Amino acid sequence: MLTKLTTKPDVVDQLPPAPRRRRWLVQQYQRRERLVFGVLMVCALLGIWQAAAKLGWVNEAFTSSPSAIWTTSLKYFGSGGQGWADLWASGQEFLYGFLISVLLGVPVGLLMGWYPRLDGLLNPIVLFLNNIPRIAIAPLFVIWFGIGMQSKLWVIVLGAIVPIIVNARAGVVTIEPSLIAMARSYGASDSRVLRTVVLPGSVPAICSGLRLGIGHALLAVVLAEFIAATEGLGYVVNSAAATFNTNVLFVAVLVIAALGMAVTGLLTIVERYFQRWRTG
Amino acid sequence: MTDLTSSLSEGPNRAGNIGRQTTRVSVRGLSVGYELRGADADFLAVADATFDIRCSEIVCIVGPSGCGKSTVLGAVAGLVPYRAGTIEVDGKPIRGTGSDRAVVFQKASLLPWLTVQENVAYGLRTYGVKKRAAIQRAAEMLELVGLAQFATRYPYQLSGGMQQRTNLARALAADPNILLFDEPFASLDAQQRELLQGELLRIWSNTDKAGLFITHQIDEAVLLGNRVIVSTRGPASRICNAVEIDLPWPRSRETRLNPKFHNYVDQIWQLLEPQEA
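Taken in sequence, the protein lines are chains A and B.
Residue 227 in our numbering is what sits at position 227 of the first sequence, and the numbering runs on without skipping anything.
Here our numbering = 1-based position in the second sequence + 1000.
Same shape as in the complex, but just chain B (with noise of 0.2 Å):
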């Protein structure tokens, strides 16, 4: 973790050195199954779900609930052991979590007891930075937020919209290659979505990061996705289709007025809909 300056200030030619080809995350064949406490047989929650993830690249999984979309992000983010299959992340297999990846989780996930500042710089710490830098970093993110007067309020000081950007700046300070994002926006209300994914629109059209994000909205996934994956009710739920979403970058609320905006949501409702039935 020394190089603390890197990445989304610099703009998109850091996606140079990489290119924007480059295959960031690998997922083949992966299988995830629990153990059902009482029964024999393991619940197939995932299984055989296979996709990549370039340079740069966001790309949505949607699906009702209970089809293992946040059973993928958990594997991927080493939280969940998988049973089969591979994950490479960089072209190396993962083990476990690293500081390659972070997760925006559903719920903002903040520790109360900590001020904003120290919610955003819990991973940095966490990964053995020091304090003053981390805490420097930590400003950075929130002025990236737009949070930079909230840095040392309490979490509970914060409306949930305020929340999930500290949450999502937490994940950025730690600066991963791989953002997953668990849902993030779910839980907020339609005017504080919208805000929060321009946000991320904007923060993304200047990152070489790749992104894998979890969400049961079709919009919301059509808007921020370049790939949508659309996934199967489990159990052993399967990746039936995968729709390229062949939207101009870069992207914010008046992309939703593209008329292929609608077309791309028509469709993705259409491969959702003989399930829901």
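Next up, chain A with everything else stripped away, as it sits in the complex (with noise of 0.2 Å):
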């Protein structure tokens, strides 16, 4: 048996109706839902907390609370308070010592990746420092360069440089052959084979290094200020711990993250703008 497969016009015609257009507040709602459920995590984990300190569930002491942290963060920040001149300390030496491992480390790694005789001979190196615990080393450098800006730069270095090394000796190594083959068969130089192709290519795994390396150099400063410093947010953090003052302990963690998160951020915009070729 055929059926013969027609469309009746008038109900071609018969369109279903548009949609009533949503109310704006449901179309923001519905473009934001990510960032709507993190902020209500927030919000309330930010409640319980302050439910808990101020209702007597912990020993406020201890706990410090969401309130308590805004209070004297303010303080801290205000006029006759070392929170301006902390944070220029740590973002000092967090950013001469980023800055020294990205220009020795992303060089080191890309020929590292590219000259397989110069991978051999700094592998054990970077294995070496992979491997150990950084905080290990770190009171050398105080033993060697005192506790001033150099020894901290050093234990920053050392944090962030590994990663970034190994990233970009990575993007090297994975880079498309037939992408090489291509530029030789026009008798690309190597120079020109670095620059054109493994350059660019590198890009992308230079960036998950640099952003491993905020990560680590960060810890690296707080660290560096445990041991040896007089100011700056780890010392702060270690301070205010020695007299238990949560408040002020809180206030210079939230401090150091938000300094990580807009590092990041910055790196980010950097990323996309390099990686404009990128699929999605």
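What you were told as hints is all true, and nothing was included just to trick you.
Straight-line alpha carbon distances no greater than 20 Å define the calculated SDA-like cross-link-like pairs of lysine to any residue that follow: (1) B:Lys-1107 x A:Arg-278; (2) B:Lys-1107 x A:Pro-177; (3) B:Lys-1107 x B:Val-1080; (4) B:Lys-1131 x A:Ser-191; (5) B:Lys-1107 x A:Val-198; (6) B:Lys-1131 x A:Arg-192; (7) B:Lys-1130 x A:Thr-196; (8) B:Lys-1130 x A:Ser-189; (9) B:Lys-1107 x A:Gly-201; (10) B:Lys-1107 x A:Ala-181; (11) B:Lys-1107 x A:Val-173; (12) B:Lys-1107 x A:Val-193; (13) B:Lys-1092 x B:Phe-1051; (14) B:Lys-1107 x A:Leu-179; (15) B:Lys-1107 x A:Thr-196.
On the chain A side, residues computed to face chain B include the following (Cβ under 10 Å): (16) Ala-181; (17) Arg-192; (18) Phe-274; (19) Trp-277.
Keep in mind that the hints were calculated from the coordinates and are not lab data.
Just so it is clear, the structure is predicted and the values come from calculations on it, not from any experiment.
Built from N, CA and C at the ideal position, the CB exists for glycine as well.
Could you use the hints to bring the two separately framed chains together as a complex?
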């Protein structure tokens, strides 16, 4: 049996009525659902914390509370407070240490990926640095360089440079070989292959190295200031803990976290610019 | 690279300067071996390959996977060092890669961070051509392969067929005397493949370039080739037969309807068959 498929013209004309335009608020919500969920979670946690501290479920002297942290931070960053000086000290250490790590780590990693012999030479050092708890040799730098900026920079570089090197190297090694063959087929020199194929191709890997490096560098800033410092956010954490001042401790921790998020956010912008050719 | 305006668009008479019978590529007794890691003996991929390619000709090499087809192409391109024999291009032995040869790769091998246009200009830029002239030439080649309106897109925005057109345009832009095709249409779907074969035939009708085309598809070899070289399975694969394809030029998709076309496909199939077992 053959059934003839026909569409009656009157059916075609009767399209379902256009859906009523949703209310503006609903649209906004649907567009930002993830953000709304995140904010809800944070608010809920802060609320529970505040309630627990104020209703006496926990001892506020140990746990602090959101409201206490808020007033403490206003005082800390207000006139007469040490906040900006500490942030400046730690920020400076972080910035210089991270910059040195990038300027050294990226070229070293790229060259290790490109020249197998250099890779062979440096691999033991990178392996060693990657596998020891770096906290263990930090005090050594204090012995060598004193408690000034220099020893802190070394601790930070030691922390941040390893993931940067490892990722830059991996970026080169995993470049699609057919792209290099293509460049070679036009007689491209080593330096042209490096400049036009290897370097741009390694950008995504370099960026993930930098991302990891930021975390490691921040950790190292705090660590260096734990060991020997007279100011800075790590120093504040350490001395606040020694005096059971949990309010100040939390403020310093939050500022450190904010610093890390700010730098990571900047990196994301740079990353987006360099990777506009990527899918998705 | 001063002669940027040459070739492709000027019609068949240009071939007259050199003469259709002039040998462009001459391969004599070519052997290519690889050192195998952990093995004492070398792996001989290709043994004693001998063939010529004249102006305006396309010579196809067909053979089973692993028969060293691509190795021969790599050697002619100057990308793979060879053990014995000679490879001459326009009467001169080759030394490494050269601007007289360009490869159309199996994978499109486009640099993902360059636009289509910049990718097509890449070879020229590597030869030291100024940016404006190279982009100008790239635009002409994109016109030729029908991608003019995609010049400023990035490769990920193109379909597989369009990527291979870009790959072809890049090789054409470098204006080589010899074009080396390394199974360029193998990864395309059947329809795209036929379209691109047609494009290639159209472009080729106007050129004095010589082409070496590697493929595992017998019908593709018969359609495109003046001669089809049938290669045996490796290691130490040899060129066992060369079949002259006496089908009229210019060819197109309709050439497949020619009864002789099927005879050639059948003939080559039989040359390959004993090894398939």
